[in-house]
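J.: Just need the whole structure built from these sequences, with the hints factored in.
In order, the protein sequences belong to chains A and B.
Quick note: to get my numbering, add 44 to the position in the first sequence (first position is 1).
Quick note: to get my numbering, add 44 to the position in the second sequence (first position is 1).
Keep in mind that a hint or two might mislead.
It does not matter which identical chain is meant; a pair holds if it fits inside one copy or across any two.
[Stated by the list, open to error] Heads up, simulated DSSO-like pairs for lysine-lysine below, C-alpha to C-alpha not over 30 Å straight-line:
{"id": "1", "residue 1": "Lys107", "residue 2": "Lys340"}
{"id": "2", "residue 1": "Lys278", "residue 2": "Lys340"}
{"id": "3", "residue 1": "Lys533", "residue 2": "Lys560"}
{"id": "4", "residue 1": "Lys511", "residue 2": "Lys588"}
Source of the hints: derived by calculation from the structure; they are not laboratory data.
Number of protein chains: 2
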Amino acid sequence: MVLERINSPEDLKQCSMGDLNTLAGEMRNFLIERASKHMGHVGPDLGFVEATIALHRVFDTPKDKIVFDVSHQTYPHKMLTGRKKAYMEEASYDEVGPYTDPKESPYDLFSIGHTSTSIDLAIGLAKARDLLSGTEKVVAVIGDGSLSGGMALEGLSIAGEQESQLLIILNDNEMSIAENHGGMYKGLKRLRESNGQAEDNLFRAMGLEYLYEEQGNDVESLVKALEKAKSYEKPVVLHIHTAKGKGLKFAEEDKESWHWHLPFHLETGKTREEYNFPGEDIGELTAEFLLAKMKKDPAVLVITAGVLGGMGFYAKQRKEAGKQFVDVGIAEQTGVTLACGAAKNGAKPVFFTSATFLQRAYDQISHDAAINSLPITMVVNSASILGMRDKTHLGLYLLAMANSIPNLLIFAPAFKGEYFSLLDWALEQQEHPVLIFAPEGNVLEDEAPVKKSFFPVSYQEIPRGKKVAIFATGSLYEEGREGAKNFEKKTGIKPSLINPGILSHLDKAYLENLEKDHELVVVLEDGILSGGFAEKIASFYSLKPMKVLSLGLEKEFYDEYDLEALMKEYHMDRESMVERILEVL
Amino acid sequence: MVLERINSPEDLKQCSMGDLNTLAGEMRNFLIERASKHMGHVGPDLGFVEATIALHRVFDTPKDKIVFDVSHQTYPHKMLTGRKKAYMEEASYDEVGPYTDPKESPYDLFSIGHTSTSIDLAIGLAKARDLLSGTEKVVAVIGDGSLSGGMALEGLSIAGEQESQLLIILNDNEMSIAENHGGMYKGLKRLRESNGQAEDNLFRAMGLEYLYEEQGNDVESLVKALEKAKSYEKPVVLHIHTAKGKGLKFAEEDKESWHWHLPFHLETGKTREEYNFPGEDIGELTAEFLLAKMKKDPAVLVITAGVLGGMGFYAKQRKEAGKQFVDVGIAEQTGVTLACGAAKNGAKPVFFTSATFLQRAYDQISHDAAINSLPITMVVNSASILGMRDKTHLGLYLLAMANSIPNLLIFAPAFKGEYFSLLDWALEQQEHPVLIFAPEGNVLEDEAPVKKSFFPVSYQEIPRGKKVAIFATGSLYEEGREGAKNFEKKTGIKPSLINPGILSHLDKAYLENLEKDHELVVVLEDGILSGGFAEKIASFYSLKPMKVLSLGLEKEFYDEYDLEALMKEYHMDRESMVERILEVL
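T.: Printed below as a string of structure tokens:
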């Protein structure tokens with residue numbers, strides 16, 4: 045086995061082309077085997093095996109610097125840079141993270157998980173090299189899907205002004221997570237079909253040199269192409285055509301479903317039974333609800349930025365939605381601002397993405413939606429400690445971020461009926477941009493009458509108690525409810541339990557009323573405390589005798605955390621919450 | 045005078061071409077006259093007189109929808125849409141705002157003040173039109189400078205996929221606020237020089253149709269070009285070449301200085317004496333400091349995103365800085381992430397922009413800088429109630445926004461020596477991204493020994509008092525100090541006065557120590573309370589008897605506010621602050 049001999053990129057330089065081809069096959073087999081047993085990205089990595097081998101063969105890493113966009117295609121890179129055990133031995137699968145991480149290896153330059161950053165990072169690396177008279181080569185690897193993000197396009201233009209070495213590899217597998225959207229993809233198609241010769245070349249329009257290599261899954265062709273590209277002493281784009289999912293039939297045939305996948309049976313491609321979660325899927329329910337609403341109302345417009353599954357808009361639902369669905373590609377800024385334009389002209393837009401990706405649209409939510417009081421609805425998933433747990437994908441900061449925007453209503457509904465009633469209300473009202481955190485975890489049946497109107501603010505009290513009031517926000521409602529029960533068991537005192545629903549504005553009348561017969565307000569914050577809901581409550585009572593106990597996270601990045609341990613550490617689970625309450629009472 | 049007859053765009057349709065030419069001259073004269081007496085944008089408006097006339101002649105506004113990017117070029121538009129008095133009569137100059145505003149006129153679709161949003165807004169308007177079977181035409185007007193912003197480029201691509209009418213007018217005056225940066229501008233130059241015929245057309249690469257009109261300051265040519273463009277039932281770019289500052293010699297010759305200008309003498313172009321502020325300019329001092337540091341250290345790299353004056357980097361300073369200065373154009377995302385790449389490779393980057401524009405880079409500050417613990421320094425101006433006061437340009441939310449990002453240190457220095465020592469420290473440390481709010485208002489001499497190190501946190505106590513502690517943050521230090529004096533005069537009690545310096549992290553030891561002999565902590569917050577510094581203090585004491593009085597703004601948008609009145613309303617000035625303290629004591 046060639047792979048046995050490869051412990052660092054240095055070893056690749058001793059290999060024959062035949063060896064490198066064999067190596068690609070071996071790596072691909074291990075990747076497929078691992079994917080069948082360990083969740084993770086599939087298509088992006090299978091398509092980038094040969095290119096990774098060629099890159100490490102031609103360049104002198106880690107002296108030469110390679111930045112991988114998103115870095116979800118770096119499993120082959122990790123295999124070649126001292127971490128192959130994590131791909132070859134099941135017991136070691138968890139020894140590497142899913143993205144590049146400088147803590148893992150000197151071959152990984154940055155922790156990366158969002159798209160479209162690689163060109164800008166590479167320009168910065170090159171700029172520092174030039175200032176400090178370095179000689180290393182700098183390479184950015186970016187997929188065609190990531191190219192739709194504005195900062196990648198900004199980067200292309202700024203790279204086009206640079207006067208020293210910078211190689212941008214466009215890994216074109218004709219796909220984003222799902223299909224690409226945007227006129228630029230017609231241009232890329234023309235380039236692929238003309239072997240790079242077509243007119244109106246985006247990269248040349250940005251002031252860059254351009255090379256094309258059709259054989260993006262052939263090591264020898266890639267080595268030649270890279271040798272040539274490496275010789276340029278100015279910025280150049282090497283556009284390579286690769287096959288997403290190469291070598292795994294299911295992934296080649298259904299690229300969208302196999303961008304990322306749960307463990308599966310190698311023979312059938314079916315997800316392993318133990319990963320088939322029972323229960324309802326809030327995303328699928330959301331798509332169902334919106335499709336029904338679209339049929340009744342042509343003004344309803346669903347917009348997403350490249351992440352389609354989270355709100356249940358798979359190929360079937362997209363087809364059903366027709367012109368009432370727009371995928372803008374990975375372009376959250378455009379997603380939000382397009383929604384603003386549509387709202388202004390009478391549409392009822394819903395923009396969906398994951399919490400961590402909405403960060404890209406902060407300015408647009410503020411400047412385009414909120415200043416203009418445009419009734420756009422934004423729905424995000426994973427804005428919860430129960431959501432995604434890689435440090436580059438955390439939704440723990442979104443409330444704090446969004447809470448700085450005036451005129452924006454932010455809701456974290458706890459119950460299913462509440463969530464859909466809220467979504468409906470948000471689409472029909474004409475006053476405010478609305479941000480909704482879709483419930484994570486178990487989909488809960490309503491424990492209070494479902495409201496029809498959600499602003500001005502009024503909290504749901506379930507039920508009234510005394511002495512202690514527990515605010516259980518959004519996806520942490522269940523934990524708070526169980527905590528309240530435990531507290532009652534332990535003390536005989538029935539606390540008030542509140543589902544605030546809205547996290548951007550206070551129900552001041554309710555809070556004042558609590559002062560009558562409560563001495564402690566407990567806030568269970570689903571994220572960091574800094575800038576969140578608990579600080580607002582504490583601030584409200586800051587001249588009053590009411591004590592406020594804030595149970596939430598410190599302002600830190602958390603990586604691949606153990607949910608139970610983290611909640612325990614911060615007294616957020618149903619048991620330790622009670623201990624902490626008893627301490628401060 | 046033709047302008048006398050024009051009360052709405054409808055009236056333009058009755059004019060001969062000769063009349064329209066005369067009108068352009070009349071409008072330009074009024075604009076110049078007004079600019080000489082009223083601060084505001086100059087160059088963008090003078091260059092866009094003819095195009096505005098042609099637009100309102102050819103299109104049927106307000107049924108047809110025109111979105112102006114930034115909307116700083118809309119003085120001519122306002123003159124033609126019922127607001128000419130505000131440009132013709134000095135007593136009425138203040139009756140209009142500097143940007144489009146739907147509250148001002150039905151011809152203004154959005155409040156806009158940031159760049160690069162127009163294409164996305166227009167796509168949204170067109171999308172809603174198509175869903176609701178409307179027939180109105182949709183037009184986006186965008187300058188070449190705004191085109192460097194990523195969301196504009198995203199928009200071009202998404203527009204390139206649309207199948208119905210959408211006109212994008214590229215108003216190319218060969219300038220951003222200062223000169224343009226990015227390879228795309230080489231492409232635009234080739235297009236201008238070839239009358240639109242050059243190869244590698246950016247717009248066609250994005251899937252759009254393309255037209256070129258060289259005579260961008262000739263009404264008749266523009267009317268013809270617009271008639272043609274209007275007939276397209278698919279997205280088309282009409283690239284017009286205009287002259288920024290046309291008709292005002294000074295503005296034609298020094299486009300950067302005359303993008304926006306203070307009132308001036310018509311004969312000499314010199315700023316009117318009453319607008320020559322005495323005192324030190326923190327921006328110019330910053331440039332001086334950084335240029336001196338650059339000379340000693342080749343690793344220092346100053347980056348800006350199109351706004352050069354705020355940190356004192358005018359043409360002379362840019363030349364002096366040479367390769368150690370990068371202007372990325374209006375591309376804040378790239379500015380921050382390029383800085384991250386540079387920091388990773390040994391440079392000491394400082395990124396500068398205005399507070400309101402840093403909003404665009406939230407995700408990059410979090411994902412690229414903070415997660416990676418990269419030592420980039422960001423300096424912003426106008427992150428204060430004393431800063432810019434148009435609702436689209438407020439810096440009142442930046443602290444709250446940035447406070448949601450772990451690992452980011454946020455400083456609001458009060459004193460000159462403190463600010464420069466901090467800047468130096470930030471550039472030399474290797475642990476954290478640092479965000480510095482440059483002091484606004486009077487540049488203050490230090491009232492305490494200048495620190496050399498700024499993290500871990502330690503507050504500056506000036507001096508220790510008792511009973512009441514007043515935290516006077518950043519640019520509000522002076523107000524807080526005077527408030528403290530007034531309080532002492534009134535009560536005989538000397539309060540503690542604190543310059544916290546850092547607003548992202550608490551000096552917990554200090555806060556605990558205050559509990560010994562203080563019963564009230566007053567926090568003077570330079571911005572909104574939500575998510576700011578005061579909420580953190582309130583939260584810190586939320587289980588303690590210490591009272592916290594938060595003096596800051598409600599989470600709202602404020603427009604063209606009267607500073608004194610606003611501070612009085614929120615008890616933030618030196619007098620009413622004391623009244624409020626006495627109330628709660």
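J.: For each hint, tell me whether it holds in the structure or not.
T.: Evaluated hints:
1. In this assembly of identical chains, the alpha carbons of Lys107 and Lys340 lie at most 30 Å apart only when taken from different copies (27 Å versus 60 Å within one copy).
2. Only between protomers do Lys278 and Lys340 lie at most 30 Å apart by alpha-carbon distance; the minimum there is 28 Å, versus 56 Å within a single protomer.
3. Within a single copy, Lys533 and Lys560 get their C-alpha atoms as close as 23 Å, which meets the 30 Å cut-off; across copies the closest is 38 Å, which misses it.
4. For the identical chains of this complex, Lys511 and Lys588 are neighbours both inside a copy (15 Å) and across copies (17 Å), given an alpha-carbon limit of 30 Å.
The earlier numbered hints are all upheld by this structure, with none contradicted.
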